[in-house]
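**Student:** Hey, can you work out the whole structure from these sequences and the hints?
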Amino acid sequence: MSEWWTYSLADFLMFSPRTYWRLFELYNRDIWPAQLPALAAGAALPLLARRRGAAAQRFLALLLAAAWAWPAWGFLFARYDTINWAGRYFALGFAVEALLIAVLGAAAGRLRIGPFDGAAGRTGLALFLAALLFYPLLAGISGRVWAGAEIFGLAPDPTAIGTLGLLLAARGHSARVLSVIPLVWCLVTGAALWTMNAWQTLLPLAAVLLIVVLPAARHCYKKNITM
Amino acid sequence: MSVVSRRAALRTLAAGGVAAAWPMAALAAPLARPIPSTGEMIPAIGLGSWITFNVGDDPPARAACAEVMRAFFAGGGRMIDSSPMYGSSQSVIGEGLARIGRAGDVFATDKVWVSGAGRGPAQIERSRELWGVDRFDLMQVHNLLSWEGHLATLFEMKAAGRLRHVGITTSEGRRHDEIERVMRSHPIDFVQITYNVLDREVERRILPLAQERGIAVIVNRPFREGALLREIGARALPAFAAEIGAASWAQFVLKFILAHPAVTCAIPATTRVDHVRENLAAAAGPLPSAALRRRMADHVQAL
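Taken in order, these protein sequences are the chains called F and H.
This note's numbering puts the first residue of the first sequence at 1, with every later residue one more than the last.
This note's numbering puts the first residue of the second sequence at 1, with every later residue one more than the last.
These are computed hints drawn from the structure, not numbers from a lab.
In this text, a Cβ means the ideal position worked out from N, Cα and C, and glycines have one as well.
Please note that the accuracy of each hint is not assured.
[Unchecked claim] Some residues of chain F that are not near chain H, with every Cβ distance over 10 Å (derived):
#1 10
#2 13
#3 14
#4 26
#5 34
#6 36
#7 44
#8 83
#9 88
#10 100
#11 104
#12 125
#13 216
[What the hints assert, rightly or not] Among the chain H residues that face chain F by a calculated CB cut under 10 Å, a handful are:
#14 38
#15 51
#16 58
#17 61
#18 63
#19 171
**Tutor:** In structure tokens:
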């Protein structure tokens, strides 16, 4: 792109806020009652993380992979792509994340989420619960129709934020690898929401901040202790 | 309708504060301007589709866009402009034209926007199918992307009778040097640029060059995607706006643009029927003189 410095964030927003929010309304109407099992599966994730044994962790990873696969196809490719030609590429990103979670977590068993202790663990759980329980309320709280609720496992934003919460409570290299796509999405959607003057832009941006700052702070703390 | 009776109608509207119900009766045939390369007359107010017609698969929203197009044609409009970059806008236009039975009346204006000249023809054909027209009246190279190759394709299509006019576009003052070079070196029919009461860079070189070379000028983003009207909309119109029959800031801004002798048409985008009528009405009355245009620009600049 030539003269890229002359472009602002608003130049990349190719739809109106009304059209964007209406997508969720129509989406929810079309997939009802999928919201109920999606919420139930979301609620099961932290419970599975508390169970001992590799099988629970593998099942958790499988559910989480499904939570990324559905919005990839059902929302980003089938619906968002109708108003944003980049939708298909975002869908591909979500599909890759689903695959990575399935391979690293469910197949290889290299993803260990929890326990939810310590600052990172507790913050991660809080972030996940905010994505699962609070995010669906944002449509109504913001004065839009309740039918436009964004739900974890069905809509991309709460899925990415909730996943970052879970990964904040996870250890190891796999968690860092799996954080990349949710982080990028939170930045992308944060920028779009910012341009639309939607205050909920604070949530994906806060998730980015937490996932970057907390592990770094933990690292510094440990380094100071051992010095 | 005479200027006097039109003013009376505008006064009535202003007094009632009923811009939302801009009546068709207040509209005379909008000003038409010739396309310099062919002499064909084209109404000076067209219809843009960036953001406003990108409503996805939402049936009520698509139907609302069709109603905007219906009002546009009923008020004498013809040129509708779109691009493959505009999401679902092309399919919304095509569906709307079919719904209101105006595919034969539209001055179909689109763009080719793809890297690599080899991919241009397929994209243009896909756009044509979405519009549901036999051929485009104007095809432009969007933001000069791969312009050398695409222009060759467009001139070939024009020579073969599969396209009526060829153009190039830019927006918000970008790549004016290159635009100028293309205008000097290629026999294009149209150039599309951003111009309004605040963004006046094109007055220095592009607009005079268009006049000199006989190139029609389409003005995009006349309201800075609505930001200009949001910024100044709450202020009272200056008294001298009445001299040119501008009953709203939208008309004030459009009249400023259309009064430039190089401008062929402006393409404001809207989702509202009353706004499309209001925009068309801006081209149906008197336009400001050069002196008044300077005053208009100074006034807005000072706000």
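**Student:** Taking the hints in turn, state whether each one holds.
**Tutor:** So, going through the hints one by one against the coordinates:
Not every Cβ of chain H is farther than 10 Å from the Cβ of residue 10(F); the closest lies at roughly 8 Å, contradicting the non-interface assignment. Not every Cβ of chain H is farther than 10 Å from the Cβ of residue 13(F); the closest lies at roughly 8 Å, contradicting the non-interface assignment. The Cβ of residue 14(F) sits about 6 Å from the closest Cβ of chain H, inside the 10 Å cut-off, so the non-interface label is violated. Not every Cβ of chain H is farther than 10 Å from the Cβ of residue 26(F); the closest lies at roughly 6 Å, contradicting the non-interface assignment.
Even its closest Cβ contact with chain H, about 19 Å, leaves residue 34(F) beyond 10 Å, as expected for a residue assigned away from the interface. Separation of residue 36(F) from chain H is adequate, the least Cβ-Cβ distance of about 25 Å exceeding the 10 Å criterion. With a cut of 10 Å on Cβ distances, residue 44(F) stays outside the contact zone with chain H, its closest approach being about 33 Å. Not every beta carbon of chain H lies more than 10 Å from that of residue 83(F), the smallest distance being close to 5 Å; the non-interface claim is violated.
In this structure residue 88(F) is separated from chain H by more than 10 Å, as the shortest Cβ-Cβ distance comes to about 12 Å. For residue 100(F), the condition that its CB be more than 10 Å from all CB atoms of chain H holds, with the nearest at approximately 29 Å. For residue 104(F), the shortest C-beta to C-beta distance to chain H comes to about 34 Å, beyond the 10 Å cut-off, and the non-interface label holds. The claim that residue 125(F) is not at the interface with chain H holds, since no C-beta of that chain comes within 10 Å of its own (minimum 36 Å).
Distance check for residue 216(F) against chain H: the nearest CB is about 39 Å away, which clears 10 Å, and the non-interface claim stands. Contact between residue 38(H) and chain F, as hinted, is not supported at the beta carbon level, the nearest pair being about 31 Å apart and thus beyond 10 Å. Checking residue 51(H) against chain F: minimum C-beta separation of about 6 Å stays under 10 Å; hint holds. For residue 58(H), the interface hint holds, since its Cβ comes within 10 Å of a Cβ in chain F; the closest pair sits about 6 Å apart.
Look at residue 61(H): its Cβ gets to within about 7 Å of chain F, closer than 10 Å, so that hint holds up. At its closest, the beta carbon of residue 63(H) sits 13 Å from a beta carbon of chain F; the interface hint therefore is violated under the 10 Å criterion. With a least beta-carbon distance of about 9 Å to chain F, the hint placing residue 171(H) at the interface is held under the 10 Å criterion.
Hints 1, 2, 3, 4, 8, 14 and 18 from the earlier list are contradicted by this structure; the remaining hints agree with it.
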